[in-house]
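K.L.:
If you count the sequence shown from 1, you need to add 248 to reach our numbering.
Hints listed in this document are in silico derivations from the structure and should not be mistaken for laboratory results. It cannot be assumed that every hint is accurate.
With a cut-off of at most 30 Å between alpha-carbon atoms, the simulated DSBU-like pairs for lysine-lysine come out as follows [as the list claims (entries may be wrong)]:
id : residue 1 : residue 2
1  : K504      : K722
2  : K906      : K884
3  : K661      : K671
4  : K534      : K837
5  : K800      : K577
6  : K837      : K440
7  : K744      : K722
8  : K691      : K621
9  : K691      : K668
10 : K716      : K514
11 : K722      : K464
12 : K647      : K668
13 : K516      : K502
14 : K647      : K503
15 : K440      : K948
16 : K464      : K621
17 : K504      : K534
18 : K744      : K503
19 : K504      : K516
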Amino acid sequence: MILSSPIQPNRPNIRRANQGRPSRPASSQYSSRRPNTSSSYTRFYRAPNSSNSAHQHATTGQQHTPVHRSVDSGQATRTVPRRAPLRNNINRSSVHPQSNRPSGNWRQGRGSTHGRGSAASARTIQKLKQNSVYSLEINDQYRQILNSIPSLADGDIRIVPVCGLEWVGTNMMFIEYKDEIVVIDVGIGFTKPNMPGIDNTIPNTAYLKMNCHKIKALVITHGHLDHVGAISYVIEDLGFPPIYTREFGAVFIKKKMEEFPQLAKKIKIETIEADMGYVPISGNMKVRFFGLTHSIPDSTGVIIQTPLGGILNTGDVRIENENGIIAQKEIDQYEFLKDENILLASIDSTGIEKPGWGISESGVQKNIDAIIKASNGRLFISAFASQVERLISFIESAKRYGKYVSFEGRSMKNNMAITKELKLTDFGHVVPIEEIDDYPPNKMVIILTGGQGEEFSALNRIANGTHKSISLQKDDTILLSSSIVPGNDFPVTQLKNNLYCGSYNVITYSDNAVHASGHGRHEELKWIHQQIHYRFFMPVHGDSYMIRLHAKMAIQELHVPEDRVMVCDNGSIVEIRNNGDIAVKLAEKIPSDVTVIDGAYLGPLHKVVIDDRTALAEDGMFVVVVSIDTKTGRLKKSPDIISRGFIYLRESKELLSKVRGVIKRVVESHATKRQHVDFDEIKNVLTEHIGKYLLQETHKEPIVIPVVLGM
Numbered sequence: 249m250i251l252s253s254p255i256q257p258n259r260p261n262i263r264r265a266n267q268g269r270p271s272r273p274a275s276s277q278y279s280s281r282r283p284n285t286s287s288s289y290t291r292f293y294r295a296p297n298s299s300n301s302a303h304q305h306a307t308t309g310q311q312h313t314p315v316h317r318s319v320d321s322g323q324a325t326r327t328v329p330r331r332a333p334l335r336n337n338i339n340r341s342s343v344h345p346q347s348n349r350p351s352g353n354w355r356q357g358r359g360s361t362h363g364r365g366s367a368a369s370a371r372t373i374q375k376l377k378q379n380s381v382y383s384l385e386i387n388d389q390y391r392q393i394l395n396s397i398p399s400l401a402d403g404d405i406r407i408v409p410v411c412g413l414e415w416v417g418t419n420m421m422f423i424e425y426k427d428e429i430v431v432i433d434v435g436i437g438f439t440k441p442n443m444p445g446i447d448n449t450i451p452n453t454a455y456l457k458m459n460c461h462k463i464k465a466l467v468i469t470h471g472h473l474d475h476v477g478a479i480s481y482v483i484e485d486l487g488f489p490p491i492y493t494r495e496f497g498a499v500f501i502k503k504k505m506e507e508f509p510q511l512a513k514k515i516k517i518e519t520i521e522a523d524m525g526y527v528p529i530s531g532n533m534k535v536r537f538f539g540l541t542h543s544i545p546d547s548t549g550v551i552i553q554t555p556l557g558g559i560l561n562t563g564d565v566r567i568e569n570e571n572g573i574i575a576q577k578e579i580d581q582y583e584f585l586k587d588e589n590i591l592l593a594s595i596d597s598t599g600i601e602k603p604g605w606g607i608s609e610s611g612v613q614k615n616i617d618a619i620i621k622a623s624n625g626r627l628f629i630s631a632f633a634s635q636v637e638r639l640i641s642f643i644e645s646a647k648r649y650g651k652y653v654s655f656e657g658r659s660m661k662n663n664m665a666i667t668k669e670l671k672l673t674d675f676g677h678v679v680p681i682e683e684i685d686d687y688p689p690n691k692m693v694i695i696l697t698g699g700q701g702e703e704f705s706a707l708n709r710i711a712n713g714t715h716k717s718i719s720l721q722k723d724d725t726i727l728l729s730s731s732i733v734p735g736n737d738f739p740v741t742q743l744k745n746n747l748y749c750g751s752y753n754v755i756t757y758s759d760n761a762v763h764a765s766g767h768g769r770h771e772e773l774k775w776i777h778q779q780i781h782y783r784f785f786m787p788v789h790g791d792s793y794m795i796r797l798h799a800k801m802a803i804q805e806l807h808v809p810e811d812r813v814m815v816c817d818n819g820s821i822v823e824i825r826n827n828g829d830i831a832v833k834l835a836e837k838i839p840s841d842v843t844v845i846d847g848a849y850l851g852p853l854h855k856v857v858i859d860d861r862t863a864l865a866e867d868g869m870f871v872v873v874v875s876i877d878t879k880t881g882r883l884k885k886s887p888d889i890i891s892r893g894f895i896y897l898r899e900s901k902e903l904l905s906k907v908r909g910v911i912k913r914v915v916e917s918h919a920t921k922r923q924h925v926d927f928d929e930i931k932n933v934l935t936e937h938i939g940k941y942l943l944q945e946t947h948k949e950p951i952v953i954p955v956v957l958g959m
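Assemble the whole structure, with the sequences as input and the hints as a guide.
P.N.:
In structure tokens:
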């Protein structure tokens, strides 16, 4: 029997459940077919001992080796033998077309919100991660881009914001001087609604991969994932440079690297104390960490001092104030900067569009303290796990009123474990979540994740009654202490629906001042500018419009000369020349297209994959299995039809009957007129005719997948 899988423009091959998959060549791309894409390199996630080649079996006429499916090479169909199914329950579900991982149900064990799955599958993915090897492969197209970038002149400084200037997150930049490079932050990014199934994004490190021999240090401003989350994915390509950071960041990185033991044993972390001043990190550069206010312990700005002057990066920053009156600690933190020779300042732009001054964190703490004191039943407080300083205030307020605290949510527990390890507050009144029913309800405070309505977050599962051990009671109070992240309006509304319909006492940031942003507003950023005597300014950390609003503020309100404001995009190259007198933004850019984490896959974002996922989500797929007599060219039996996400088959018998008629006419009109059956032509014609017919009858356009069997 000859089986030929479909080849369609912009459609990847899709397998049925429990079907094995062949090994791919080491150079294969994200999709099993090579789409026409501008992406120029692929980062691979490989498990050891995986096969690096696929055995090809030629098929000519009826002389063939039995096969199970074909792989579209982009030019013609070649057949490959069946591969043994993956173990540990992966063979119970369909396999992702681009990686050795189960699709659909695998993510639950990883804490993602994309789907449910078995613990066995999650353990398998974790095992793959622990034994994986990450590499960055650069093809000729990227090499051509990199070779077009002019060499850095002796004595000049090159500053490149790798990422974080076109969307919030994925922060990374580097400074290059002579034959030395210092990298600042390497963050993970969050996906957008137009990236279905993608877990996260990371910076494009093609330039740094090509110049890894120059990298002397990786400097981390603070321990939030959008500044440190990509370390495990790129550290090998950076050449394992020493990592310089403050204590909380150091412990956080070590905890994250426990998921990657092969890499963890190779990294070197240098913990910098608050009073160490400038620390040499290369022959020509040294770093100084200085304290500033954000929402996590040991948040810092950094100054990379070069022979021409300092390059300052604030990381994420806000200013503690009371109605515009600056807290004394802020004045003290910035005092030293007035005597620093700052060549270029790169400052956080995330809060620039919000006018005025932000609410003070001390005010938020007072309001939440009053809520904790007044609660007569259990108090559930949802918060961002990353806002550690606020979480510490919750813990201390509970202790003040003789109440116990428990944590729920993976990221919450992880961050609180670090907080406990560093002894940042007393944990003597913290109890396991499994024991909360052993304490009086009015003495129990549960701090948990889920205020953004994430599908499988702790609070969402509690609200919809699917949590394994916690059920809400009529006297419970739920405090949603976080503002809504843009794009999360619908899931937060659904969360509120569940909570309010249960007649529980719900308090939100709209009702009380229980949330303060970790990013400074317009007036706060203006005050920061006034504390730094810089020569050039580069707005960073924000969406494209935020970068430009920040630049506009500097030019129009602070009267910074326009030629001294560097408005950049991801990958822009700024060079400071003439002994620091001028700054130039080059026409050339380093590669900056997004790199995605998609389960066990890391690499370029292929539009064809995203388009297919979108099509599947909107219109589903329609699979027809056609058996053809290779001697007569006629159907051997009535075609089998499989529909997923398109129509309900039991209620569409008339439509299916008509589709079978279309298939019969197409096959007989094309197969019976030829001496040999042209499977590729039949597949293409079936795809076209069935697609047109379904659109005409249903006004829907499912992905049509004809599977043609020669018998």
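K.L.:
Give a verdict on every hint.
P.N.:
Here is how each hint holds up against the structure:
{"no.": "1", "hint": "K504 x K722", "in the structure": "violated, 38 Å"}
{"no.": "2", "hint": "K906 x K884", "in the structure": "holds, 18 Å"}
{"no.": "3", "hint": "K661 x K671", "in the structure": "holds, 15 Å"}
{"no.": "4", "hint": "K534 x K837", "in the structure": "holds, 26 Å"}
{"no.": "5", "hint": "K800 x K577", "in the structure": "holds, 29 Å"}
{"no.": "6", "hint": "K837 x K440", "in the structure": "holds, 24 Å"}
{"no.": "7", "hint": "K744 x K722", "in the structure": "holds, 16 Å"}
{"no.": "8", "hint": "K691 x K621", "in the structure": "holds, 10 Å"}
{"no.": "9", "hint": "K691 x K668", "in the structure": "holds, 21 Å"}
{"no.": "10", "hint": "K716 x K514", "in the structure": "violated, 39 Å"}
{"no.": "11", "hint": "K722 x K464", "in the structure": "violated, 58 Å"}
{"no.": "12", "hint": "K647 x K668", "in the structure": "holds, 15 Å"}
{"no.": "13", "hint": "K516 x K502", "in the structure": "holds, 10 Å"}
{"no.": "14", "hint": "K647 x K503", "in the structure": "holds, 27 Å"}
{"no.": "15", "hint": "K440 x K948", "in the structure": "holds, 25 Å"}
{"no.": "16", "hint": "K464 x K621", "in the structure": "violated, 51 Å"}
{"no.": "17", "hint": "K504 x K534", "in the structure": "holds, 27 Å"}
{"no.": "18", "hint": "K744 x K503", "in the structure": "violated, 33 Å"}
{"no.": "19", "hint": "K504 x K516", "in the structure": "holds, 14 Å"}
Checked against the numbered hints listed earlier, the structure breaks hints 1, 10, 11, 16 and 18; every other hint is satisfied.
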